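Visitor: If you're matching them up, the sequences are chains F and E in order. If you count the first sequence from 1, position 4 lands on 4 in the working numbering, and the numbers rise without skipping. Numbering-wise, the working numbering comes out as the position in the second sequence, counting from 1, plus 1000.
Simulated from the structure, these hints should not be mistaken for lab results. Here the structure is a predicted model, which is why all the values come from computation and not from measurement. Glycine included, C-beta positions come from ideal geometry on N, C-alpha and C. Warning: the hint list may mix true and false statements.
To be verified - Each computed DSSO-like pair below joins lysine-lysine, with the alpha-carbon atoms no more than 30 angstroms apart:
no.	chain 1	residue 1	chain 2	residue 2
1	F	K308	F	K344
2	F	K267	F	K308
3	E	K1166	E	K1176
4	E	K1388	E	K1176
5	E	K1115	F	K267
6	E	K1115	F	K344
Said to hold, decoys possible - Chain F stretches covered by chain E per the calculated footprint, using a threshold of three residues with CB under 8 angstroms from any CB of chain E:
no.	segment
7	145-157
8	371-378
As the list claims (entries may be wrong) - Not close to chain E: a few residues of chain F, all C-beta gaps over 10 angstroms, as computed:
no.	residue
9	H32
10	S253
11	D331
12	N382
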Amino acid sequence: MADLSVNFAGIRAPNPFWLASAPPTNSGAQIHRAFEHGWGGAVWKTIGAPVLNISNRYAGLSIAGQRLLAINNVELISDRPLDVNLREIAEIKRLWPDRAVIVSAMVDASPEAWREIVMMIEDTGADGIELNYGCPQGMSERGMGAAVGQVPEMCELNTHWVTSVTKLPVIVKLTPNVTRITEPAHAAIAGGAHALSLINTINSIMSVDLDTLQITPSIGGRGTHGGYAGPAVKPIALNMLTELLTDDLVLRSGVPVCGMGGIQTWKDAAEFLLLGAGAVQVCTAAMHYGYRIVEDMIDGLSNWMDDKGFATIPELTGRALPQVSSFGELDLGYQAVARIDPDKCIQCNLCYVACNDTAHQCIDLVAGNGVRVDPGYDMRVNGKAVADTRPTPVVREPDCVGCALCANVCPVDGCITMVSVPGTQQSVSWDALTAQRPEIASSWDAMMAYRAEQGIEIH
Amino acid sequence: MTDHTLVDDALPDRNHSPDTQYPYDLRFAPTHPPLSAHEATVEAHRCLYCYDAPCIQACPTHIDIPTFIRKIATDNLRGSARTILEANFLGGTCARVCPVEELCEGACVLNAEEKPIAIGRLQRHAVDHVQERGVQLFQPGTPTGRRVAVVGSGPAGLSVSAELAKLGHAVTLLEKRELGGGLSTYGIIVLREPVEVSLREVDAVRALGVTVETGRELTSRDTLDALLSEYGAVFLGLGLGAVPAMGIPGEEHLIDGLQYIEDSKIRPASLADAQNVVVIGAGNTAIDAATVARRRGADVTMLYRRTEAEMTAYRHEYEFALSEGIQYRFLTQPVRVLSEGGQVTGVECVRMVLGAVDPGGRPTPRPLPGSEFVVPCGAVIKAIGQEKPALAAELGLNVEGGYIAVNQDMQTSLPRVYAGGDCVRVRGTASTVMAVQDGKYAAAAIHGQLSAAQETAHG
């Protein structure tokens, strides 16, 4: 049985599954219930300046009948009075000493405002502070949240105000609504941050209702941008996490990163951990299904770690990072081709149409007698037996560029695989090649000459 | 109501839908209820949207099934219905009566791994959507000044009428009975298709400008010649005749299976109830008649002179009958109907043994001498096939195996006379969907003939 405990910037927890600062961590009663379900920690919903929330607050993304692949919110920070939150934080920490209790905060950009709230948070006995530099909606217009996170100087200054007055670990939560995520990260580190977390929500308009012609959510006939989260944002979050954990300055600083963004299952969490997250935070999945999902997260991660021989979380943290490269470092000589397993193929021909219409026209339809045929059917023939004489898609391997579109559209697990084959081109990266022969990058004639040398034929 | 087989004939008014003109008996509630909007969406999203899909080819009318299903998935129900009805004007009936296991669903690629898409039920979802709202998807074509008479308003007649009307020809549809729709109206049990659905299709043809004249019967060569003098072409959709006589003592007590089904739809109160009902035959009509009797509370036994292996009923129909609690007695030949005072008391049968294989590929049954026994019952229904169109000879048409002989264009041996549906047998087995396709072929041929004639006239 794997040990799931974590020590994240000095904050200890029995497992890496923490609830993110959001509606699921709005009150002591909620967090108490969440901890009963097994969550390893919780980041208290952001406390700070007085706010008025609005109705309604959420819009959902449904695709193919599946609900809530993402959520978009125009909710603000906690609308409960500061003293109520602080009292409940202290109570929760007293009741759950082994769990990570972190308090998210957001106040006006002044040293006094930050000092005041930091002192109050310290008094609760909480394990750490998370600075919310992320929320893109509502608070940014008041100079807080993403308004801080998007300006590195503000990010550094605000962080410094906090780290200079507290002995608690300080996590800076970054907004993804920037061009280069490393810039606010560097600023937070310069400001003395002990850890980083990302991603906060992404600016979004979820949808327009085609019956009412209203933007959703429609708030009295008006709509605004909201913060986008949920399974649909996971790839963006994984990329930003990877950008931080492959950045020299971040690596040298040694600050851990807490990953979040679309984590719905233990598998999602394992991916974040493999790309270097020291712990993970979850929000939308809990909003969709309730706190109970953590049981499978813990159980599934533990079973997978046992299967893979990982005894502890640090053993697997960052294990996938060494593969991360720039395009220029990839091997141009590597060649993969698609191969279709005829026994698994159900002849939906989606690979055929995808390749033929939008890729490289290297899949043929082949009849039972081995003859290449065109799609189409005999109008006078019908009945279920026609399914037995369907032509089968077959890859013309010499023409396959290995784009993998067919493997991605194939609905059958393991039917189309990308298989490594000996390449025709020398094994060399673009960076190395253009360092030796810079003209290849600037002259089509030089490029064509190189291709001729290598026997590369573009179909 | 806990047991629908025990209800009294006199059903409460609440079971009589105000929307239906014909008595609605809950015991005949459709076997497959309509899909809810959510069910339809989820099911539509299961469809892989195959390219050059086998279901399209398997359908005798070649409905573009993946396209209509995709349109359901995108909430484009009107577009979906149009895709269906363009290929098959009787898409509403076919959605209910087609042997989908033998056709589209039987060819679905998902049969390889899981269960096929419920194509029939999805088709019904889309077509019902427009037909229940009275949406007219098609318009009569620009008038050509050409006239066509169609005899018989069953599926073939409706199909050819609709296609010709869309091409601008003036169509007069003659129907000998009181209601249009033919087999769909009179011969399909309510469990599959209520009368209203069939009549909606007659109305849809009317809406295309087709003149429907009921109570008009074609009885002689003279009437046909009269039609030919008045119309540019005549299409015969005559269907088949009554269940043939068995030539056994007590024949007069036998109930015609088709008449029984008709009565169950049009005048259910007239059906005599018996505790024990015997059905002679094992085809699909026999199963339908048995189902009606069973749903009306009778113990039903089907007698068939061969074995399960030789039955003409579809496998799924046989299994459906078994699930309804219908009994089968194979290798049993009725030889006499027993009665007392005009009331049927039983059927005397003889056991059969299978002998040599006949030219049709089925073993010939022969009686086992001295094996006579009696099956006690209060009513006997015969459903041993239908008489071939006797009118064909009267009209001077060539016949093939008793059916009206036609070529691939559905032309009979008489110039300008076409035929289709059950009265011909161009391909495979008789079914509504085949009749619809016959109508399409005939319409194309008639259109070609009329257009050529018009050019000559103008030339």
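Visitor: Checking a non-interface call: every C-beta of chain E should be farther than 10 angstroms from the C-beta of D331/F. Is that right?
Guide: Nearest chain E Cβ is 34 angstroms from D331/F, so the label holds.
Visitor: Starting from K1388/E, check that the Cα of K1176/E is at most 30 angstroms away, please.
Guide: holds, 17 angstroms
Visitor: CA of K1166/E to CA of K1176/E, is that 30 angstroms or under?
Guide: Judged against 30 angstroms, a Cα distance of about 24 angstroms means the pair holds.
Visitor: How about the segment 145-157 of chain F: do at least three of its residues have a C-beta closer than 8 angstroms to a C-beta of chain E?
Guide: It is violated, with 0 qualifying residues against the three required.
Visitor: Does the no-contact call for H32/F survive, Cβ to all of chain E over 10 angstroms?
Guide: holds, 36 angstroms
Visitor: Going straight from one Cα to the other, do K1115/E and K344/F come out at no more than 30 angstroms?
Guide: holds, 16 angstroms
Visitor: Test the statement that S253/F is away from the interface with chain E: the closest C-beta pair must be farther apart than 10 angstroms.
Guide: It holds; S253/F is separated from chain E by about 47 angstroms at its closest Cβ, greater than 10 angstroms.
Visitor: Given as covered by chain E, does the segment 371-378 of chain F meet the bar of three residues or more with CB within less than 8 angstroms?
Guide: With 4 residues close enough to chain E, the hint holds.
Visitor: Hinted pair, alpha-carbon criterion (30 angstroms max): K267/F, K308/F. Please report holds or violated.
Guide: holds, 13 angstroms
Visitor: Should the label of N382/F as a non-interface residue stand, given a Cβ cut-off of 10 angstroms to chain E?
Guide: The claim breaks: N382/F does not keep its Cβ more than 10 angstroms from every Cβ of chain E (closest is about 4 angstroms).
Visitor: For a C-alpha distance cap of 30 angstroms, please report whether K308/F and K344/F respect it.
Guide: holds, 28 angstroms
Visitor: Given the hint that K1115/E pairs with K267/F, test it: the Cα-Cα distance must not exceed 30 angstroms.
Guide: holds, 28 angstroms
Hint compliance for this structure: hints 7, 12 are broken, all remaining hints hold.
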